[in-house]
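Full structure from sequences and hints, please.
Residue numbers (my numbering), protein chains in the order written: chain E, 1 to 313; chain H, 1 to 178.
It is possible that some hints are incorrect.
For lysine to any residue, the following SDA-like pairs were computed, each having C-alpha atoms within a straight-line distance of at most 20 Å [to be verified]:
(1) E/Lys-130 / E/Asp-106
(2) E/Lys-311 / E/Gly-300
(3) H/Lys-167 / E/Tyr-9
(4) E/Lys-116 / E/Arg-157
(5) E/Lys-13 / H/Lys-167
(6) H/Lys-167 / E/Glu-25
(7) H/Lys-167 / E/Val-27
(8) E/Lys-311 / E/Val-285
(9) E/Lys-116 / H/Arg-31
(10) E/Lys-13 / H/Arg-170
(11) E/Lys-116 / E/Asp-135
(12) E/Lys-13 / H/Gln-149
(13) E/Lys-13 / H/His-155
(14) E/Lys-130 / E/Ala-83
(15) E/Lys-130 / E/Val-169
From the structure, some residues in chain H lie toward chain E, with a derived Cβ separation under 10 Å [stated by the list, open to error]:
(16) Phe-57
(17) Leu-114
(18) Val-119
(19) Glu-140
Derived by calculation from the structure, the hints in this document are not laboratory data.
All values reported here derive from a predicted model rather than from experimental measurement.
Backbone N, C-alpha and C fix where the C-beta goes; we use that ideal spot for every residue, glycine too.
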Amino acid sequence: MTHDKTDDYLWDKSGPPDPFVAELEEVLGPLAHTPGPRLKRRSVVRSWAWPIAGAAALLLAIGVSLVRPSPSNQWHADSLAGAPRLADAPLAGSARWALGAWLETDADSRAQISSKRIGWIKVNPGSKLKLTSADDVEHRLELAEGSIDAVILSPPRVFIVDTPAVTAVDMGCAYTLDIDDVGNGEIQVTAGWVYLERPGAPSAKVPAGAGCSIASGRGAGTPRFRDASPTLIDALDRFDAGAAEALEDVLAAARRRDSLSVWHVAIGTSGDARRQAISRLDDLVVRPRSLPTGPDLTDGQLERWWPDVVKSW
Amino acid sequence: MTETVQEEDDHTLVTAARQGDRAAIARLYRRFGPVIHATLITRTRPADADDLVHDVFLEAIRRLDSLRDAGAFGAWIRTLARRRAIDLSRRNARRERSLESSPEPIDRRAAPGLTHQRVLEAIATLPAAYQEALAMRLIEGLTGPEIAQRTGRSHDAVRVNLHRGMKQLRRLLAEDQP
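This is the structure:
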């Protein structure tokens with residue numbers, strides 16, 4: 001098929017530019033998709049300039065610039081809809097997200113935050129979060145309330161989100177975290193894993209296709225696959241809410257894949273409850289030979305069983 | 001994350017992404033983000049398109065196991081994007097009806113010359129194949145060969161879409177000028 005040579009610029013940008021095509025590129029180019037900050041758009045807001053006047057402001061600026069994340073660790077916030085606020089000022093377009101600054105969305109606004117090293121996160125309406133650290137070792141956010149959809153591309157344990165009830169440690173790589181203003185909520189993992197951690201409690205390990213409730217004062221509930229039966233889900237919800245008698249229903253309703261939940265019940269309980277859960281786990285997943293027989297296992301022994309639990313799915 | 005010198009094909013990336021390879025997922029996003037965006041921006045408002053790229057890509061990751069031919073990722077993700085755009089249009093239409101408001105008429109005399117709004121409106125009247133090709137070329141800056149590679153279409157097909165689409169667009173915008 002022969003081609004009109006005058007179309008070369010339109011085809012592969014070779015040859016002299018077609019003036020009309022070039023004009024369209026100039027008009028439309030700023031709309032191009034970029035996963036990070038839209039550098040072609042000017043950020044109108046510079047209002048997070050220091051609230052303190054004079055020399056004190058200068059010293060503060062120098063101090064902050066010394067601890068400002070390096071370019072590869074920087075975060076940017078983009079307004080997607082409505083009027084999100086960054087550091088108590090309207091966010092229009094794109095702006096750098098400084099350590100300690102709150103990003104807030106109301107019921108009608110959405111934002112996206114991104115960092116080249118970490119990935120990108122959509123901030124849904126009704127959210128409030130703060131960047132608390134961003135360095136070569138760790139990037140950490142505080143989610144006071146609201147919902148975020150995260151796609152994380154950094155290695156495990158680099159990206160962390162603190163909520164009032166639990167700390168969500170990314171093990172890779174996509175999830176939605178939804179928290180109300182007192183720390184109740186849930187996490188749903190789309191790809192990879194997220195560990196929900198709380199001092200003094202075992203981690204809740206949430207894989208892709210699974211979710212977990214989060215309760216203020218209690219921490220993470222029992223992870224469960226989204227395709228678990230309604231009977232199991234109902235029983236787990238009751239068990240997580242403190243109804244010990246729901247344990248029998250949980251164990252009865254669990255299929256092989258629900259060894260995810262049964263394992264977490266085992267490691268999260270003690271005494272008879274743990275023994276019952278371990279006995280049920282034996283029905284669902286072959287116990288490693290290195291473990292002792294019987295229903296009495298320590299946390300460390302249950303952790304050694306975990307890889308086989310995962311493989312069984 | 002470091003870029004490999006030689007780009008993997010879509011099949012390789014999708015296979016790795018299915019196994020949770022974050023670098024592969026990142027490369028898929030960089031490669032197809034503009035394609036998704038171009039598909040969306042011809043059907044939604046620019047601000048909605050930016051927002052939906054994220055949603056479409058997340059949905060694609062979630063449903064990656066359902067994709068039978070890993071090499072057809074580009075065509076498949078464009079289908080997901082079109083569906084999202086249709087869903088959004090329906091929701092917006094319902095919302096506008098419930099608010100009993102009608103969009104303000106656009107005063108073309110107010111801003112002579114090309115604006116992105118005018119150009120997008122003109123592109124939106126073209127056949128879908130021309131719309132997407134022009135959006136990928138003029139908005140996302142992809143070349144014809146890149147468009148062919150990422151959409152799975154032949155070079156000839158993309159060239160025809162660009163040529164005919166541009167011809168119609170030129171005429172529409174010339175008619176539109178005062």
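Hints, one by one, checked against the model:
Restraint check for E/Lys-130 and E/Asp-106: the C-alpha separation of about 15 Å stays at or below 20 Å, so the hint holds. Restraint check: the Cα-Cα separation between E/Lys-311 and E/Gly-300 comes to about 18 Å, which is no more than 20 Å; the hinted pair holds. Note on H/Lys-167 and E/Tyr-9: the hinted pairing holds, with a Cα-Cα distance of about 14 Å set against a maximum of 20 Å. Between E/Lys-116 and E/Arg-157, the direct Cα distance comes to roughly 16 Å. Compliance with the 20 Å bound is thereby established for this hinted pair.
Proximity of E/Lys-13 to H/Lys-167 is assessed by CA-CA distance (about 17 Å); at most 20 Å being required, the pair is judged to hold. Proposed proximity of H/Lys-167 and E/Glu-25 is supported: the alpha carbons are some 15 Å apart, at most 20 Å. Taking the CA atoms of H/Lys-167 and E/Val-27, the gap is near 18 Å; set against the 20 Å cutoff, the hint holds. The suggested pairing of E/Lys-311 with E/Val-285 holds, with an alpha-carbon distance near 9 Å, which does not exceed 20 Å.
About 15 Å separates the Cα atoms of E/Lys-116 and H/Arg-31, which keeps this hinted pair within 20 Å; it holds. Restraint check for E/Lys-13 and H/Arg-170: the C-alpha separation of about 18 Å stays at or below 20 Å, so the hint holds. A C-alpha spacing of about 12 Å is found between E/Lys-116 and E/Asp-135, which places the hinted pair at or below 20 Å, so the restraint holds. As the CA atoms of E/Lys-13 and H/Gln-149 are separated by approximately 16 Å, the hinted pair is consistent with the 20 Å bound.
Using a Cα cut-off of 20 Å, the hinted pair E/Lys-13 and H/His-155 holds, with the two alpha carbons roughly 15 Å apart. Only pairs whose Cα atoms come within 20 Å are accepted, and E/Lys-130 paired with E/Ala-83 is accepted, the gap being roughly 17 Å. Of the supplied pair hints, the one linking E/Lys-130 and E/Val-169 holds, its CA atoms being roughly 16 Å apart against a limit of 20 Å. Against a cut-off of 10 Å between C-beta atoms, the interface hint on H/Phe-57 holds, since the closest Cβ of chain E lies about 7 Å away.
At about 5 Å, the closest approach between the beta carbon of H/Leu-114 and any beta carbon in chain E falls short of 10 Å, and the interface hint on this residue holds. At about 6 Å, the closest approach between the beta carbon of H/Val-119 and any beta carbon in chain E falls short of 10 Å, and the interface hint on this residue holds. Because the closest C-beta pair between H/Glu-140 and chain E is about 5 Å apart, less than 10 Å, the hint holds.
Every hint from the earlier list agrees with this structure, and none is contradicted.
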